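Protein chains: 2
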Amino acid sequence: MNRRDFFGAGAALGVGLAATSLTAGASAQTTEQMDKRAEAKLRICSQVGPAPGKDLAEKLEKIKKYGCEAVEFGGDCVGKGEERLKMCQDAGLEIGAICWGSHNGDLCSEDESKRQPGIDDHKAAIETAGIMKSPGVIYVPAFNGQTKLTNQEIRAWLLEFLPPLAEFAKDCGTNIIFEPLCRYEAYFLRQVADGASIARDVLEKAGIETGIGVMADFYHMDSEETSQMGAIISGGPLLKYVHMAGGRAEPRRTYPGENSMTFVDGFRGLKYIGYQGFCSFECGCAKEDKEQAFQDSIAFLRAQWEQA
Amino acid sequence: MNRRDFFGAGAALGVGLAATSLTAGASAQTTEQMDKRAEAKLRICSQVGPAPGKDLAEKLEKIKKYGCEAVEFGGDCVGKGEERLKMCQDAGLEIGAICWGSHNGDLCSEDESKRQPGIDDHKAAIETAGIMKSPGVIYVPAFNGQTKLTNQEIRAWLLEFLPPLAEFAKDCGTNIIFEPLCRYEAYFLRQVADGASIARDVLEKAGIETGIGVMADFYHMDSEETSQMGAIISGGPLLKYVHMAGGRAEPRRTYPGENSMTFVDGFRGLKYIGYQGFCSFECGCAKEDKEQAFQDSIAFLRAQWEQA
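In the order they appear, the protein sequences are chains A and B.
Taking the working numbering, I'd label the letters of the first sequence as residues 1 to 308.
Taking the working numbering, I'd label the letters of the second sequence as residues 1 to 308.
Just so you know, these hints were derived from the structure itself, not from any lab.
Since the model is a prediction, treat every value here as computed from it, not as a measurement.
Glycine included, every Cβ here is placed at the ideal spot set by N, Cα and C.
Don't take every hint at face value.
Said to hold, decoys possible - With a cut-off of at most 25 Å between alpha-carbon atoms, the simulated PhoX-like pairs for lysine-lysine come out as follows: (1) A:LYS80 / A:LYS64; (2) A:LYS148 / B:LYS65; (3) A:LYS54 / A:LYS41; (4) B:LYS148 / B:LYS133; (5) A:LYS287 / A:LYS64; (6) A:LYS271 / B:LYS271.
As the list claims (entries may be wrong) - With beta-carbon atoms standing in for the labels, derived distance ranges: (7) B:GLY145 / A:ALA91: 35 to 45 Å; (8) A:SER113 / B:ASP111: 34 to 44 Å; (9) A:GLY173 / B:SER260: 30 to 40 Å.
Claimed, not checked - Here chain A is said to cover these stretches of chain B; the calculated rule only asks that three of the stretch's residues, wherever they fall, bring their Cβ under 8 Å from a Cβ of chain A: (10) 60 to 71; (11) 143 to 152; (12) 195 to 201; (13) 231 to 238.
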């Protein structure tokens with residue numbers, strides 16, 4: 001019945017994680033850092049899919065027209081960085097993250113032969129992100145069913161292969177961005193605080209201060225977080241990107257404002273940390289008139305921002 | 001290279017966790033709840049060990065004398081609720097959580113025969129907590145090495161056995177309190193947001209609003225959280241208890257104020273959520289004069305609270 005006494009030999013008990021040594025207080029947020037934070041801005045971005053318009057050119061035009069500042073591409077942009085950058089500059093837009101994903105979970109596969117090709121492709125995506133002046137490459141270690149590694153094993157392996165990759169991202173002027181997902185899509189990495197702590201450990205191991213971070217997705221947070229604000233503050237300076245969609249209530253995962261989920265609590269978090277990155281639409285649309293729905297959602301988000 | 005399209009059949013992919021269905025928006029913190037939060041108070045408590053004094057009677061006297069409001073007992077108090085309650089009432093003190101621990105990990109053991117005896121003992125601790133008007137029983141699912149179950153399996157099993165136990169705790173007027181630990185002690189459950197999300201799922205499954213929650217320990221947070229404040233806000237209304245010790249810098253895990261770790265960021269979180277529970281010393285002492293060190297630490301904490 002007695003509680004284990006852990007004021008003594010605790011360090012000897014570690015499994016997996018203990019291999020990750022932590023320097024005392026090396027990279028946690030400090031009160032001083034938070035007191036010096038910048039003034040937050042709501043800078044709206046959109047994936048290509050959720051934007052209204054019949055083709056890419058028309059989508060870019062409408063994204064710009066309705067007040068967004070950037071567009072987010074999928075993995076199909078890799079290797080086409082200069083072309084996409086030029087296209088977006090001509091449209092008066094910046095470029096959001098590359099929504100890259102898990103590469104079938106190859107980088108964390110139990111089949112070790114799959115890992116290096118995955119890492120090489122990630123590197124190519126990072127290079128493109130750098131060229132496009134994108135904040136980073138969205139990375140999911142594994143969707144459900146994509147690896148047989150346990151959580152402990154995945155985390156330990158991330159700490160092996162990511163430090164040099166994060167350093168490469170830093171040199172390219174961009175970031176690897178972990179995306180925490182909801183339980184229906186992934187068991188490993190479901191909370192922003194967890195992604196932030198892995199990113200922190202990677203940075204600490206690599207001896208760098210940028211090159212890897214985490215994002216917050218309002219749809220996933222609705223299932224996994226007890227507080228949007230708490231999650232986002234845990235991201236803090238490591239929060240590099242935000243995805244926006246309504247939560248799990250019907251209509252599920254459509255334009256913000258189409259279901260009952262509010263964004264005020266999360267936006268308070270963004271204001272608190274002085275977030276100046278992009279908030280990007282990754283969602284469907286429940287209405288018939290997508291162009292009107294897109295405008296309505298942007299108006300809804302700006303009102304929520306004011307309220308926060 | 002393409003990102004998995006998950007606007008369709010995502011729910012079919014779930015492993016383990018997907019068995020935990022979530023009602024739309026049922027129990028996340030709402031902006032309205034947070035706007036109605038109470039005014040926070042710093043109510044200091046101490047475990048018996050860290051308090052100065054040669055025996056329990058003298059410790060209680062000093063705990064009271066130096067401005068603490070409560071004392072925290074270990075598992076040895078189970079079955080002695082009335083006696084302890086009387087003793088503390090006579091000393092002018094309330095009673096903090098019961099620091100119970102993992103019961104050797106029995107409740108989550110891969111050896112199923114160990115589970116029910118563990119659950120029965122937990123129930124006895126909950127009963128004593130109720131009698132002592134304690135906020136709850138601190139529960140660690142498993143220290144490193146205490147179970148062969150994977151994280152997924154532990155979480156799924158907690159969602160099986162805890163709903164009735166949480167309901168029992170609610171009926172006793174107390175709580176089961178998850179304690180997230182640092183990596184050197186546990187891999188499963190290291191962050192406050194994770195504990196809060198498990199507690200939320202248990203409450204939702206049991207159809208109750210109280211009976212289980214989470215605690216924040218400043219020592220463990222120093223290794224595992226990127227933000228004390230973010231972690232505590234994620235706890236929100238589910239945050240039932242706080243442990244205080246300096247962080248992992250030397251002197252490690254001693255009285256707050258004895259090493260470089262500040263509490264301001266975490267105390268801002270406690271103020272934000274309107275926390276009125278206890279903050280309890282669980283720490284060693286680096287100084288020769290323990291009685292003076294105890295007073296100095298209390299003064300340090302009150303100053304940090306003012307600054308927050």
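Q | Violating hint indices (sorted, rising) | A | Per hint list: 2, 3, 4, 7 and 10 violated.
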